[in-house]
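With these hints in hand, go ahead and build the complete structure from the sequences.
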Amino acid sequence: MVALLWVGIVCIVVAAAIVLALLSWIRGEFYFSRVKDNDTLSIEVRALFGLVRYRFVIPIIQFRGFTRGIFFQAETVNEAKVDLKDKRKDHITKDKIIEFYKEAKDLLVHTLNWHSWLKQTLARLECTRLRWVTQVGLGDAPETAITTGAVWGIKSSLIGFGARYVQMTAKPMVNVVP
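Once you know that position 61 of the sequence shown is 61 in my numbering, the rest is easy, because the numbers rise by one and skip nothing.
I should point out that these hints are in silico values taken from the structure, not numbers from a laboratory. Just so you know, even glycine gets a beta-carbon here, dropped at the ideal spot from N, CA and C.
Now the in silico label distances, taken between C-beta atoms and shown as ranges:
1) Pro59 to Lys94: 17 to 25 Å
2) Ala3 to Leu23: 24 to 32 Å
3) Glu99 to Arg164: 29 to 37 Å
Following this line, the structure appears as structure tokens:
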């Protein structure tokens, strides 16, 4: 009888944990900055009302040409943002990108109703803040003006395309500085 009581308590606790996980929000923050040769990409994910946190930082991204690929160094930081959990270096080549593309294409072909699932999932996403600042300078004023207009148009098109699928709760702050 006591064992049955403990099994019942464990089942109730597990069911409550599942309901709590399903009701909680998952919050993601993405930050990318490139100033001259200094790159920073940071991704932070929080779940279960902030109890679970994961932060992934890529401080170095180097493009070494189309034949040699992209080199990056990644770091994983703990919840208190004090200790470095993991540090690794990787090299992305053209062959790795082609292999990933083929695997992703096979996955999409073999996944039933993938497009409708993706649209439904993206419709549940909510963008609460978008700030995108780009600095452009070519040295010559007319070329800089034309390039600034082209960059502005490309950025606006990309944001418009993304806004078709993701809920934008705040007005995006987009700026192109010549």
